[in-house]
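**Q** Starting from the given sequences, assemble the full structure and let the hints guide the process.
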Amino acid sequence: MLTTLASAAVVTAAAGLAVAAVRLLADRGDPASTWPQRAPFLGGGWSETHAWNQYHPRYYPMTLVFIAFEMEMMFMYPWAVVFVRQGAKALAEMGMFLALLSIGIVYAWREGAFRWQ
Amino acid sequence: MAVSALHRLAAAAPVPVFVARGAGAGLLGGELAADRRLRLVASPRQATVVLAAGHFGGGLGPALDRVHDQLPHPRALVWWRAAGGPEPGDDRPGALDHPAAVVHGPGGDVAQVLVDTHRRLLAGDQATAPDAGADEPPHPFEGRGDHGQGGEGMMGGVPFGRPMAMTGDDRDGLALGQVSADLGPFLVGLPAATVARVTFQGEVVQALELRPQAVPEAPVLDPVLARFDEARHRPVPVAELERARARHHLRAVAECFRLAGLWALAARAASLARGAGAGVAGVDPAAVAALGRRLRASALLASWSGVGTFPGRSPFTGGANARAAGLAADARRGDPAYRALGFAMVVQHGGDARARLVQRLAEARHALELASRAADVGAVHHPDHPLETPWGPAPDGGSVALEVVAAALAGADWSDALATLCSLDLVPDAAVAPAGAAP
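Sequences listed follow chains A and B, in order. Numbering that gives the first Met the number 0 applies: residue 0 is where the first sequence begins, and numbers increase by one. Numbering that gives the first Met the number 0 applies: residue 0 is where the second sequence begins, and numbers increase by one.
Don't read these hints as lab results, they were simulated from the structure. Backbone N, C-alpha and C fix where the C-beta goes; we use that ideal spot for every residue, glycine too. Please note: incorrect hints may appear among the correct ones.
As the list claims (entries may be wrong) - Ranges between beta-carbon positions, derived for each pair:
(1) 18/A to 86/B: 52 to 58 Å
(2) 174/B to 79/A: 41 to 47 Å
(3) 62/A to 45/B: 37 to 43 Å
(4) 66/A to 171/B: 34 to 40 Å
(5) 172/B to 62/A: 27 to 33 Å
**A** Spelled out as structure tokens, the structure:
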């Protein structure tokens, strides 16, 4: 009982602190620097490209697809050994695993990872 | 308590000043490097005061506003403008609407005004200058989604609504990403009132375009520009012309030192330039020779050797740039007043940034010697005789098309390109120089 109460108190205090912090920080409407101050100094000139122009990680969607298929293969070999002994149970487990991975593949598809432009 | 002590300490330190070179100001602002109370900084982020020297119409206005808004608070703007010039029209930049101080004419004590403004700012007696432009993101995200976070395409698509940096062949046969930006007009090393549109591959300039920003009918603040303009229409003592020439060359050399980060040498050259402008007893030619010896002891000459050499024959047909490439051309040879003084031309070989730097120092020293001889005999230049300005024979003999310079710099490192532009001391804009006095 005491443990439950203590836990509840800690959770309440943490939530209160979080809310207070968000409120306090959000009310400081004056930002530290303006947009011109944050822009790079080009001697009065202006860049035509956004800050991420050079650094956008284009390989992200490709990485996603790689991880999805690689994890699949990594677990299939040991699973094949276990499947002989376990049978239907192992089949069901692999089905769930593949279903989860498929969500990632579908997501990558939606993001255009399979489109070569 | 502690904060006010810090304020007092900050107020006593040299004032960090960002000089924005407008039309009609020439290299006048660079002479402030000689003043120990000031520190000329290369970026507005380091400055508390921006000195707007000259006039800022046309494309210079928005650029001045941007630079002004990039200064951290507390900040102020001091406007150094020509005395008696026309009031700027409706295209006046917002930054000039409420300057902390206005200095009229080149004779005003700008350094003291800058120091006073800085102290008032830090003491809280002067309100910080508000933004001249809008506080908006220069390139708002325009991608898909609630926060513009999305885009489309993986290989060079349009993430965040903006195209990716695409690749292009570089000088070594590699395909590297390209980035384009407009640099200037207030960047140390670039010609006055000129925007450089640069396409970079890493630090290599892949393409360069120099765009002079026309400022119509800008009054002249710089006494050097004014003196050479006057010499086209009225008889002017040779001693005054030569002192103005020495003053200009020393300022151009100081600008190169600033670009190279040699602050002590820049201060020394700027101090000599001030002396040359001060009058008869202003500066001893031997002091310029001593500066030349000090320069040879630095590594600058070695690092600028072979930089900015134009392929084939030098495109310059006159002026110090031509003489630095070994071309014996000087309009002063055709002036009887100079012939009577025993004028002898100074010429270098090589035609690179190093030769141009050495040439300018040698011409400054030579001009001071000529000035002292001319003052003794009272020699006068007549407007009917040929006139050699610091940029070449008047009206436009020493000029070179900016496209030629820009094309020669494609494939150069950015540092070499800036060194080349600084050493060339180009005056591309007719509005920067008085009408027709310089190319």
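**Q** If you check the beta carbons of residue 62/A and residue 45/B, does the distance land in 37 to 43 Å?
**A** Between residue 62/A and residue 45/B, where Cβ atoms are some 40 Å apart, the hint holds.
**Q** Is 27 to 33 Å respected by the C-beta to C-beta distance linking residue 172/B and residue 62/A?
**A** 30 Å, holds
**Q** So the hint says 34 to 40 Å: do the beta-carbon atoms of residue 66/A and residue 171/B match that?
**A** Once the Cβ atoms are compared, 35 Å apart, the range 34 to 40 Å for residue 171/B and residue 66/A holds.
**Q** Does 41 to 47 Å hold as the CB distance between residue 174/B and residue 79/A, or does it fail?
**A** For residue 79/A against residue 174/B, whose Cβ atoms are near 44 Å apart, the range 41 to 47 Å holds.
**Q** 52 to 58 Å was suggested as the range; check whether the CB atoms of residue 18/A and residue 86/B agree with it.
**A** The hinted range 52 to 58 Å holds for residue 18/A and residue 86/B, with Cβ atoms some 56 Å apart.
Every hint from the earlier list agrees with this structure, and none is contradicted.
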